[in-house]
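Could you slot chains G, F and D onto chain U? The hints should help.
Chains as they are written, first to last, in the UniProt record's numbering: chain U, 1 to 502; chain G, 1 to 502; chain F, 1 to 502; chain D, 1 to 502.
Incorrect hints may appear among the rest.
No distinction is drawn between identical chains; accordingly, a pair holds when it is met within one copy or between any pair of copies.
Here are the simulated EDC-like cross-link-like pairs (lysine to aspartate or glutamate), alpha carbons at most 20 Å apart as the crow flies [as the list claims (entries may be wrong)]:
{"#": "1", "residue 1": "K240", "residue 2": "D453"}
{"#": "2", "residue 1": "K486", "residue 2": "D378"}
{"#": "3", "residue 1": "K332", "residue 2": "D474"}
{"#": "4", "residue 1": "K220", "residue 2": "E192"}
{"#": "5", "residue 1": "K243", "residue 2": "D326"}
The hints are simulated quantities; they were obtained by calculation from the structure and are not laboratory data.
Protein chains: 4
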Amino acid sequence: MDKQYHCRYIYCFSRLGLLREHARQMFTSPSQVLLGSNHTEHVDAASYTDSSDDETSPRDKQQKNSKGNGDFCIKNIKQADFGRREIEIAEQEMPALMALRKRAQGEKPLAGAKVVGCTHITAQTASTCESAVLMETLTALGAQCRWAACNIYSTQNEVAAALAEGGFSVFAWKGESEDDFWWCIDRCVNLEGWQPNMILDDGGDLTHWIYKKYPNMFKKIKGIVEESVTGVHRLYQLSKAGKLCVPAMNVNDSVTKQKFDNLYCCRESILDGLKRTTDVMFGGKQVMVCGYGEVGKGCCAALKAMGSIVYVTEIDPICALQACMDGFRLVKLNEVIRQVDIVITCTGNKNVVVREYLDRMKNGCIVCNMGHSNTEIDVASLRTPELTWERVRSQVDHVIWPDGKRIVLLAEGRLLNLSCSTVPTFVLSITATTQALALIELYNAPEGRYKQDVYLLPKKMDEYVASLHLPTFDAHLTELSDEQAKYLGLNKNGPFKPNYYR
Amino acid sequence: MDKQYHCRYIYCFSRLGLLREHARQMFTSPSQVLLGSNHTEHVDAASYTDSSDDETSPRDKQQKNSKGNGDFCIKNIKQADFGRREIEIAEQEMPALMALRKRAQGEKPLAGAKVVGCTHITAQTASTCESAVLMETLTALGAQCRWAACNIYSTQNEVAAALAEGGFSVFAWKGESEDDFWWCIDRCVNLEGWQPNMILDDGGDLTHWIYKKYPNMFKKIKGIVEESVTGVHRLYQLSKAGKLCVPAMNVNDSVTKQKFDNLYCCRESILDGLKRTTDVMFGGKQVMVCGYGEVGKGCCAALKAMGSIVYVTEIDPICALQACMDGFRLVKLNEVIRQVDIVITCTGNKNVVVREYLDRMKNGCIVCNMGHSNTEIDVASLRTPELTWERVRSQVDHVIWPDGKRIVLLAEGRLLNLSCSTVPTFVLSITATTQALALIELYNAPEGRYKQDVYLLPKKMDEYVASLHLPTFDAHLTELSDEQAKYLGLNKNGPFKPNYYR
Amino acid sequence: MDKQYHCRYIYCFSRLGLLREHARQMFTSPSQVLLGSNHTEHVDAASYTDSSDDETSPRDKQQKNSKGNGDFCIKNIKQADFGRREIEIAEQEMPALMALRKRAQGEKPLAGAKVVGCTHITAQTASTCESAVLMETLTALGAQCRWAACNIYSTQNEVAAALAEGGFSVFAWKGESEDDFWWCIDRCVNLEGWQPNMILDDGGDLTHWIYKKYPNMFKKIKGIVEESVTGVHRLYQLSKAGKLCVPAMNVNDSVTKQKFDNLYCCRESILDGLKRTTDVMFGGKQVMVCGYGEVGKGCCAALKAMGSIVYVTEIDPICALQACMDGFRLVKLNEVIRQVDIVITCTGNKNVVVREYLDRMKNGCIVCNMGHSNTEIDVASLRTPELTWERVRSQVDHVIWPDGKRIVLLAEGRLLNLSCSTVPTFVLSITATTQALALIELYNAPEGRYKQDVYLLPKKMDEYVASLHLPTFDAHLTELSDEQAKYLGLNKNGPFKPNYYR
Amino acid sequence: MDKQYHCRYIYCFSRLGLLREHARQMFTSPSQVLLGSNHTEHVDAASYTDSSDDETSPRDKQQKNSKGNGDFCIKNIKQADFGRREIEIAEQEMPALMALRKRAQGEKPLAGAKVVGCTHITAQTASTCESAVLMETLTALGAQCRWAACNIYSTQNEVAAALAEGGFSVFAWKGESEDDFWWCIDRCVNLEGWQPNMILDDGGDLTHWIYKKYPNMFKKIKGIVEESVTGVHRLYQLSKAGKLCVPAMNVNDSVTKQKFDNLYCCRESILDGLKRTTDVMFGGKQVMVCGYGEVGKGCCAALKAMGSIVYVTEIDPICALQACMDGFRLVKLNEVIRQVDIVITCTGNKNVVVREYLDRMKNGCIVCNMGHSNTEIDVASLRTPELTWERVRSQVDHVIWPDGKRIVLLAEGRLLNLSCSTVPTFVLSITATTQALALIELYNAPEGRYKQDVYLLPKKMDEYVASLHLPTFDAHLTELSDEQAKYLGLNKNGPFKPNYYR
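Only chain U is shown next, with the shape it has when bound in the complex (with noise of 0.2 Å):
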């Protein structure tokens, strides 16, 4: 069992997980500690809103919202208004979390519900403020919340103002230390008369806070809402060490999750991420992508579609026959090596791409990876004395041999979708959904439903998901007729498939 459930981690990882994962190291957020991790490195902060030179930490400032409540610990209240734009822009391009909000205008499936929160109150560009237009929709359904950046870095001010404003007790600022990252956790969950009964958690850090600091406090909740890789790993090793106490959901790995986060989002980015950076032209190119999973997948089918001649590599009969029947010649790495214009690396493996083979590439390569974390280009290996790096754009290093060939390698063989392309908000809105659902899914599941373990969404819900986001695209669904359900043996409204199927 415990290799059957690692193997699901290492294959059935959420590639949204995986940026936020990333991001999460990237931030050099508290978790490192925790992690163990020595990353260091911190992105540009110019690409992230600091829209106050004030030096005084929001901690030692007393502020209060236009009603005069001062239950929350931002950086500039008179951020609102900016912010509050940003949000009803955001609130646009998530229909989902729209329309499970007028749902829920009579019912109030949360009532009762007391919320506390710990994921990112962010700012991608042009993909904003999902968490409060998340946090806003569980209040509309009836909770009552309390809220954290899960990363030091990530908070936009003027959103965390604008929830500020409207009643959120949200503390969370931009820059926090890792001592104000924790006091801003037990803000949340320490509070005279405030008992939370949910955890929405994104990383793990505010569940582990808990069960460190409060784990009494575990007898009156219901249960713990996980997105990310690395939290959801954290919730199964409790479980496996009996250690876990209340019903976890894994929202990482629904289904319609899954495939949004790998292959319909990397068929998109790997052409964004490579454009940006390079400017390829990809008609005739020869690219090698190593791993066929979704992520591979993804990247294959982009390419093909764009005139590249792609050649795969798989460790796994299946994918490879998949591959083969997809119109792809599978090879090992080292037959073809010598002639790509690409390598891109989707394996979720390690040393994948080596020194010997970035030996054998031909001048002008780029190399990249869509894959799990930076290990599978061993990006190490390229930091000796006779190759000389040569930083030619953000994100672009040209990597150049004695002889003068230039290896083009990317983000230094981190994410290239997250470094170097963005994030669809369509994708985040099917995130931030189902884990609104999985709140409600488990805050009104019957006693006994949900043991102390760690559960998949359940194929209804996640059809539910799927659902909500038609309209989008003005897609009409077909209803079963009584006579055509019996005949399945359905449910009218689902769910339409078994639990396992993907």
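Leaving out everything else, chains G, F and D in the frame of chain U:
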């Protein structure tokens, strides 16, 4: 669990399984008695060999092969040479079985196995002799075999003769009576000094016969390998009723087989079936595909690639969202029924295209079924006095409305790809290899691994089937290094994915 | 200029034109005398109707239609009803001609035209009666017509009967002798009181006959419309020799016709032809396509879409670069000949696949020709004693090397899509419409617009042919506003492109 | 003929030519005076290098390169090293020019040529130094060159410095005044003892200057090579007016260049442009593409491949029929305007998307232009008081209706791929190679081959350009045997197609 099972049964059906199922129905096999079917239609006999005008029943003949062995019952032993050549050609097209033979030359994984088999001893045009190659492979692996045909019409007499000449105890000829059918099965099972220990069945008739006549025989039987949807269905029923007394392997639902029978096979056969029957030009045609499961995905991909404009209907929001992301308009049938040129059903449901829709189709609209049996199109509703049927060529009817409108109905709503196209040998090869491996697995499994239940092929075996087919494509699998295997927590030889991974 | 012309002739040949050309060769028409061909092979007579056992030559019969008219010579006037139904079905599939009839109901653009025609009076399965519908359309437009068949085998007697019953002077039957052939042509031309003023020819035999026998007749002839490659070739030769005495319209090379005959038609027929003959699975197959003109582009696009890995050979660097940009590896044949599963020639060249390559192909390799006549594959080189030919089904030969290697040769190297698939009616409709418009143009052209030379259809007419086919696809053209037309310097009704635009 | 010409001019415009045209307009070049343009917008200066704060005009400086040569006028000779490195990197990306240099090492096809050039001495990100590499190639081929910039903003000073250091007489710097611009051109032309015999122009300003100031100079000029749409337009006007006194080569309309500038370049840049500006997810989006010429074909193919549902409008029935066969619904804009998510214009027409349509678009609809200049979308109609414009990021405006509806307008209706994406180096390489070959052809043409008219590049040269780019793709051309060449009536070295073949 009942519903879950049923669900699985409906949705995870195997295309090829269905083909055979359907062939079963079409060929008026004795199974109909059990199934309560009242199909009486025969396929055109001319498409099957009947190289002898000899009217004597094989049961009344005394034949011996050149070595003096007479333990068989076939049409005419003199046809052996021709049959042998057919088998030799087929061997070229089933490289995986041949590879299996070769690898097993040293060890004999089926040494001691006594297999009774009941499958097609068939000759599909261009995909000859699957069972013959399978049977000889099992023998090469150490097994003793006795064999009957699972269908009274599908035996190719020459192939049966070649097997008899080669020393196999074969009991089958083209055009058996129902009594002959059961007699042949009985001859396979019931022989002084013969106690079979493995069953290889296709349709469940052999299993049924042993249950009915020789229930004690199960004491020594190690397992059943069943290929067909119907047979698998019966096994699950036995299991549910607590009456299954040996382990059974459901090879119909293995991943490799499913993908090939459905997605990849249908991607090609939809085009082939439509062309052979109607010569329609695909470019610019508006096509309605009902259902976006694996079969629907294959049909849609092929038609889109040929320049058709494809609309999709779905009941499951997850598949619906996939259709959207793959670039198809998701509609209800009534939204586009007046404008489409072709309607294809692939739902596994019944009454998807009913008279109301047929009435509204435009003149010349082609209607066909790629899905589950012949219930998807309500063909019965077209058999009314005001409509004229005109058979314009084999498998093609014009149904003519009073105003002159013609609907082009293919194969009377039965499966298009069974009726009007062929199944590629490659797909048959995957099935046969899967059967062989399932026998090996069940026969060699340590005590207690399998209980009296129905099992799917273990992932590792499924991967092995796939790996045996890679050389056909000159495809080279990458092997994990020790370090990588450790990192992933995997055995270097697989399985590479958890059992439930699809 | 000679070379230029020849160039054009080679590269801009029309697929359908070639089909007919090839049919001509296969059908042993009298043209062979002129062409010096020595083909003697016949197509299987069973594929053409022969609904009468009457041995009397039509020339010896006295038949009248129901109105007492006897100015025709056909097999059997009693078959008219069946033929009429065939024509009516065909009318449904040739909407453009029907639209032309309707639009011309007021004006009669061919009033006064006296057309002698020599085309196929044919019945291809599913694409019946092109010529009949064309003939009746010309009549509806005001023309008088006399008609002969351009091929001694291809006449469908029932259709000819229906035309005769309808009052047409038709001289054609299935199975004419060469003497009959010329006699029929003569009867069309040579009649007391009949002076034709337009010629519609397919192959040049009619034109040849008039040149030879009635040269004076050209004084009143306004023009020739010629469809076939061969006929067009002859006209250009006459023109070059200064012997062309009337304007001639080359409809073979019109843009619309070219694109449909080649790119779009071949995109579908390559799959159809391969499937019908070999049932090969396309997914994962390695395919060599020789030539990347329109035909090659169509083949490559289709096979790539079906999951094949396609290699291309080219001699022209521009087409070669297009192949690269479209995602195909450009190779020389000898680089991949050992590894490919299918070889397809589409070059218009000779000896592209020679014995040396055939010797090196792998066992089971399929070899076929989509290009120019039967010269591309050096089939003659395979007729040597050490190789065994085995006909495995119609149009499919196994050529077997001494070591047992088999090459699967299709249609003995003749055109695959003529021999083994069908031409969609839609393509035939475009051809017939183009012929009708060419007649109208030549007949109505003001004095001096056309000299004694060979012309392409004016762009505007070509556009009109296309526009007549748009309703089939429910396609709605946008019209220019006055302001836009002025801005572009175009007439609102076209032509929208210069004549040389392709 | 006038109309025909105009037609050609409209429809066969070169994408890249247009880009430059547009750049011309954007950069407020002196051409505006001639063209009557009143564009005053500047591109963000930050995107171009300005590595010196030195305010002194280059015209007032005395600079010499390291060899003591001072016949140039640039910003700062000290920047030469940096510029040289840029040129060296660019050389790697322009293999065809490098190949041309190598092949010409023996012969010097431009020996004696004295070329005055006026092109961009530019640095597009990632596609640096096209003109520099071209200039050095011409010199390697034997020519003497004097060069000015065709645009007052686009010069990269470092590159100009490197050229000056290398001995080139370059007269260009970033930020020239209009007076500077003409002064620089004059310095190229007017030098004691210098009589140019070839002109390489991009926009026609250099040609215009010589016509105006030194008309006698044309006596010794062998020809003009012109790249831009505008420049070509002027040449045709001169020709029509009988004032063209030397042969001119229109390289804008060569086949290779056209295909790459339009079809292949746009297939990639439409995705890139949309992603960089809006991060839109393409999957499932409904897209309206206006116009199905080469640009439209490229856009449609790319978006279809990414899972968008694409509608097409056309005025030309032939292109319309192609759209149908390629699988796109052909509609009028008003049929789908309410439902589409993205509208892209590629018509070459004006007022294709007018206010009426903009009013009916749905909230969030993205509107952009890939076609001819900025007239296709009637942007002016959006500058009315009731609409609010909000610049949300560079090149992206939200236009907000009173009811809150937002239209996302990209690049204010200017060319998306100029404004919001990059042109791949590969495309630039094709252009530069074509220019070099055109110079060689005109310079070496025997007396009388070219008259005082505007010519297209001979097919053979066009094929040669293509062939020089094949090695980039490791593509191997097949050569005709003598026998085959004879059979086809072709020279083994080409041309392989007639001049008019596209």
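Consistency of the hints with the structure:
1. K240 with D453: So K240 and D453 pass the 20 Å test inside one copy only (9 Å; across, 28 Å).
2. K486 with D378: between (56 Å within a copy, 17 Å between copies)
3. K332 with D474: between (44 Å within a copy, 11 Å between copies)
4. K220 with E192: This pair counts as within: shortest intra-copy Cα distance 15 Å, inter-copy 71 Å.
5. K243 with D326: Neither way: K243 and D326 sit 45 Å apart in one copy and 43 Å across, limit 20 Å.
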